[in-house]
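A.B. asks: Work out the full structure, taking the sequences as your base and the hints as a guide.
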Amino acid sequence: MPKILILLMAALLCLSADRDLLAAEKEARNAALLSPLEAYDLLMRKPETAFIVDVRSRQEYAWLGHPAGAYNIPWRFSGQDLQISAGQTGSPPQAGYQLTAEPNPDFIGVASSLFKETDHLLIICTDGQQSAQASDALWAAGFKNTAQIKGVKELCAAAVMSSDLRGGAALVIAALCAKGESVVDRVYHIDRGYENMETKLAALGADIRRVNPVTQK
Numbered sequence: 000m001p002k003i004l005i006l007l008m009a010a011l012l013c014l015s016a017d018r019d020l021l022a023a024e025k026e027a028r029n030a031a032l033l034s035p036l037e038a039y040d041l042l043m044r045k046p047e048t049a050f051i052v053d054v055r056s057r058q059e060y061a062w063l064g065h066p067a068g069a070y071n072i073p074w075r076f077s078g079q080d081l082q083i084s085a086g087q088t089g090s091p092p093q094a095g096y097q098l099t100a101e102p103n104p105d106f107i108g109v110a111s112s113l114f115k116e117t118d119h120l121l122i123i124c125t126d127g128q129q130s131a132q133a134s135d136a137l138w139a140a141g142f143k144n145t146a147q148i149k150g151v152k153e154l155c156a157a158a159v160m161s162s163d164l165r166g167g168a169a170l171v172i173a174a175l176c177a178k179g180e181s182v183v184d185r186v187y188h189i190d191r192g193y194e195n196m197e198t199k200l201a202a203l204g205a206d207i208r209r210v211n212p213v214t215q216k
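Numbering (numbering that gives the first Met the number 0), first residue to last: 0 to 216.
Any given hint could be a false lead.
The calculated lysine-lysine pairs, modelled on DSBU-like cross-linking and capped at a C-alpha distance of 35 Å, are [said to hold, decoys possible]: (1) K115 <-> K25; (2) K115 <-> K143; (3) K143 <-> K199.
Calculated from the structure, these hints are not laboratory results.
C.D. replies: Take a look at the structure:
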């Protein structure tokens, strides 16, 4: 399910950043802005010249997952010092590795070694800060077909149908993140690799249950 995966990857959790970085712009000023579906359409129409560039840190790319075929060129690197900050009222302390204050000095050089200036570069990160800065840097360096992929603020409930194992599992995760009640049909695809998935997720606190379809007479 590439459409779902592109959208989900754009919404992955990010490693902690300092307050100055959090105040940065989250939309590119010069590069284009595309929705996940617009980016997917471009990838399908121009597979030989359109590429996803994930500008998160190496750790996020490797540990949190990424869209299939995405290139990883970090805009900033993860620092070496573990930072611990007090959590919100009633929440435990939060820990994470801060991102370096300065951008990757080799970012443009690496991009130039991999892509042509006429290629369509689709830039993703987690919350838009790094992708906005990286997109504008690429645009300024001559990559005028660069676009920042913008995610959505929230997912809405829907009735969907699973067509394969991993795609079906992605639909379940998306449904749990969505606002409202969703229904995922044809879950036998999911059962082939994730036995009793709903039971395990419910044990973690998810509001999920398996229902038997109504027999049509």
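A.B. asks: The structure should be examined with respect to each hint, and the outcome stated for every one.
C.D. replies: Here is what the structure says about each hint:
1. K115 <-> K25: holds (26 Å)
2. K115 <-> K143: holds (10 Å)
3. K143 <-> K199: Violated - the C-alpha atoms of K199 and K143 are around 47 Å apart, more than 35 Å.
Violation of the numbered hints given earlier is confined to hint 3; every other hint is satisfied by the structure.
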